[in-house]
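Q: Residue numbers (the numbering used here), protein chains in the order written: chain A, 1 to 388; chain B, 1 to 328.
Some hints could be false.
Stated by the list, open to error - DSS-like, lysine-lysine: derived pairs with alpha carbons at most 27 Å apart:
no.	chain 1	residue 1	chain 2	residue 2
1	A	Lys178	B	Lys14
2	A	Lys188	A	Lys306
3	B	Lys14	A	Lys64
4	A	Lys130	B	Lys14
5	B	Lys14	A	Lys17
Bear in mind the hints are in silico, worked out from the structure with no lab data behind them.
Only a predicted model underlies this, so the values are computations on that prediction, with no experimental measurement involved.
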Amino acid sequence: MSTPPVAVVGVGQTHHKSRRLDVSFGGLVREAVFRALDDAQMSLDDIDAVVLGKAPDLFEGVMKPELYLSDALGAVGKPMFRVHTAGSVGGTTAIVAASHVQAGKHRTVLAVAFEKQSEGNAQFALGSGKGASLGAGGAFAPFIRAYIQRSGAPEHIGWKVAVKDRLNALKNPYAHLKIEDISIEKVKASPMMWEPTRFLESCPSSDGACAVVITDEAGAKAAAADGRPPAWILASSSRSEPSSFPGRDPVRPAAALQCAADVYTGAGITDPRRQIDTAELYVPFSWLEPIWLEAFGLAEVGEGWKLVDDGTTELGGSLPVNASGGVLSSNPIGASGLLRFAEAANQVRGAAGEHQVDGAKVAIGMAYGANNQYFSTWAVGSSLQPFG
Amino acid sequence: MTRFIESTITFPYKRSLGPVVGAFMTALTEKQILGIRCQDAVLVPPMEWDPATGAELPHEFVEVGPAGTVESWTWVGTPSIQHPLDHSFAFAFIRLDGATTPLLHAVDAGTPQAMSEGMRVAPRWRGSREGRIDDIICFVRGEAAETEGEDTGGATDPVTRMDYLASITYRNPVPEAADRATEASREHRLLGLRCPTCGRVYAGGRGLCPVDAIELGPECEVDLPHTGTITNFAIVTPVQYPGQTETEPFVRAFVLLDGTDVIIPYSVVIELPADQVKVGLRVDAVWASPAEETEEGGGMGGSWGSLLGWIPNGEPDIDDPDLVNRIF
Numbered sequence: 001m002s003t004p005p006v007a008v009v010g011v012g013q014t015h016h017k018s019r020r021l022d023v024s025f026g027g028l029v030r031e032a033v034f035r036a037l038d039d040a041q042m043s044l045d046d047i048d049a050v051v052l053g054k055a056p057d058l059f060e061g062v063m064k065p066e067l068y069l070s071d072a073l074g075a076v077g078k079p080m081f082r083v084h085t086a087g088s089v090g091g092t093t094a095i096v097a098a099s100h101v102q103a104g105k106h107r108t109v110l111a112v113a114f115e116k117q118s119e120g121n122a123q124f125a126l127g128s129g130k131g132a133s134l135g136a137g138g139a140f141a142p143f144i145r146a147y148i149q150r151s152g153a154p155e156h157i158g159w160k161v162a163v164k165d166r167l168n169a170l171k172n173p174y175a176h177l178k179i180e181d182i183s184i185e186k187v188k189a190s191p192m193m194w195e196p197t198r199f200l201e202s203c204p205s206s207d208g209a210c211a212v213v214i215t216d217e218a219g220a221k222a223a224a225a226d227g228r229p230p231a232w233i234l235a236s237s238s239r240s241e242p243s244s245f246p247g248r249d250p251v252r253p254a255a256a257l258q259c260a261a262d263v264y265t266g267a268g269i270t271d272p273r274r275q276i277d278t279a280e281l282y283v284p285f286s287w288l289e290p291i292w293l294e295a296f297g298l299a300e301v302g303e304g305w306k307l308v309d310d311g312t313t314e315l316g317g318s319l320p321v322n323a324s325g326g327v328l329s330s331n332p333i334g335a336s337g338l339l340r341f342a343e344a345a346n347q348v349r350g351a352a353g354e355h356q357v358d359g360a361k362v363a364i365g366m367a368y369g370a371n372n373q374y375f376s377t378w379a380v381g382s383s384l385q386p387f388g
Numbered sequence: 001m002t003r004f005i006e007s008t009i010t011f012p013y014k015r016s017l018g019p020v021v022g023a024f025m026t027a028l029t030e031k032q033i034l035g036i037r038c039q040d041a042v043l044v045p046p047m048e049w050d051p052a053t054g055a056e057l058p059h060e061f062v063e064v065g066p067a068g069t070v071e072s073w074t075w076v077g078t079p080s081i082q083h084p085l086d087h088s089f090a091f092a093f094i095r096l097d098g099a100t101t102p103l104l105h106a107v108d109a110g111t112p113q114a115m116s117e118g119m120r121v122a123p124r125w126r127g128s129r130e131g132r133i134d135d136i137i138c139f140v141r142g143e144a145a146e147t148e149g150e151d152t153g154g155a156t157d158p159v160t161r162m163d164y165l166a167s168i169t170y171r172n173p174v175p176e177a178a179d180r181a182t183e184a185s186r187e188h189r190l191l192g193l194r195c196p197t198c199g200r201v202y203a204g205g206r207g208l209c210p211v212d213a214i215e216l217g218p219e220c221e222v223d224l225p226h227t228g229t230i231t232n233f234a235i236v237t238p239v240q241y242p243g244q245t246e247t248e249p250f251v252r253a254f255v256l257l258d259g260t261d262v263i264i265p266y267s268v269v270i271e272l273p274a275d276q277v278k279v280g281l282r283v284d285a286v287w288a289s290p291a292e293e294t295e296e297g298g299g300m301g302g303s304w305g306s307l308l309g310w311i312p313n314g315e316p317d318i319d320d321p322d323l324v325n326r327i328f
């Protein structure tokens, strides 16, 4: 089944920070929205529908913020959708927006995602409002322990990912964490939080938002003719699986493998390691990088950590991962997935600035959520036929 | 008959108000009510953007009121703890003098018969004001604003944030399977449910197989062993948040029951310090004595009932490299 070509023609994000006490929810999302509209050389009038994603309402204690934000987003009289897929929500938001354009229902759709973590507490919300919350770090620690044991990866791999992503963040003006003196020693010396994950191997809590403008083939071609390269969406997929059942493997979840297979089949990718120039993977704790490299077919099983160890995934390596600094450097939860998708789009548009991967023609953006359960991924290209 | 459990979640959220609502709240501490000019209209409360077009509005504030006219109202006969007044009152749309749009607020009118459209009302201010909408306690009949209690004056600094203590009470039905598991726990039995389709066994009162999407009824019940092996674990450094109950690093372990494929996830461990938990450790179930029973059950919570957790039983560790992968 072929779908009509659609593309990203505008990307915007806020400067991500611990606390944006100077803005309301609306003020925060509008910063990202107007940057995306400016990038697309559009106004709110050009938007036919809005799709909004964020983490569950318990994070900020505002029920149905999509309704509260509809006028801030210029969505009065337009269709407004809310997406809920836990931590993968930002990615799914982009996919839902793209689907509306692909279906021919709307010509141009705005995907927006945000989190304002300073208004609540993520550990509280992840623990369903009770004491003794495991938090995401506690939930993922057993998965990481299983990965380390079965792959035989040395302990410095986690530290290396933590350093790499923070060095990349220094090149991204929007990144939250700017740790100028980041080093293996510094990561190693940081407090143990959820063994084997240390403090500096963990994502920050951020306030931030991201917005992406997705339009149809004619709109994308017009942008290209105007010297503003679009990012063509080659394929996308959302997959999920139940939280627990005997035999479930959270290191190689079936939903992740199927999500990757869907996207690669749809995009005509047969050799992901060579055909993908750069990847934005959802890595909130350092060890998730090798785990997802393997689950998403960018490394052989048990070999993901070697791509970290030999520098392949560094900016300048042959497969840069999270050139933007990733979730380890900025984590406005609901927006974190959309940021992965948006950064992948900017890479193939040649619009990533100082953290641009030279000559990137094909990129993937990936997000995941809950207990390694929800997966969203898209592949974007600088052209519709990037493999000739 | 279905049993229900009530649970309440509360959290002190902190709202960032932004420049426009912040100005409105700051003015409330001065006993002033601000609107914002939006083309020919004056919006009250003020908004940051034109609600019709989304266009940014210049910060052109207009003082309105203090008196206004009731445009519409509804009577709240039995207020809840979250309502602005502790006795019956009206919620009303009040168009303050000089405003184009109505403000929603409480009117303390005594009886619904005293309320009418077109009725003139004025604010009753709180003496001590913090920059919240309830700095106006309510509106009362008449043209003149009044102040209750000693007036402590306006805020010294601009108001930029607002505390919002959210509280929500849920009434959740307890599935029959969960009740049966809890009952069995009272007899110190660990109940499992075997899926007739795939043969997987689920513990903890989970009355369904998520793989085959079928309900598992009493005919699927099996008794599970009380001895197992820790396959994996999390040592959690507790981050402090309102409602956090932990102060020291704590363990949640995954226990594989002997001779089965069943994992008891996120298990509480007993008499096992965090630095001594390890993969392969042999453990026994620990059950509450009747004296330790609580409404919420033992240390494991929920339908685990009287199961308090797991304690090392002194048997030699299991050395199996695949054990660590048994998390679910």
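Q: Look at each hint and say if it fits the structure.
A: Tested hints:
1. Between the alpha carbons of Lys178(A) and Lys14(B) the distance comes to roughly 26 Å, so the proposed pair stays at or under 27 Å and holds.
2. Note on Lys188(A) and Lys306(A): the hinted pairing holds, with a Cα-Cα distance of about 19 Å set against a maximum of 27 Å.
3. With a C-alpha separation of about 17 Å, the suggested pairing of Lys14(B) with Lys64(A) holds against the 27 Å cut-off.
4. Taking the CA atoms of Lys130(A) and Lys14(B), the gap is near 19 Å; set against the 27 Å cutoff, the hint holds.
5. Among the hinted pairs, Lys14(B) with Lys17(A) is consistent with the structure: their alpha-carbon atoms are about 16 Å apart, no more than 27 Å.
Every hint, counting from the list given before, is met by this structure.
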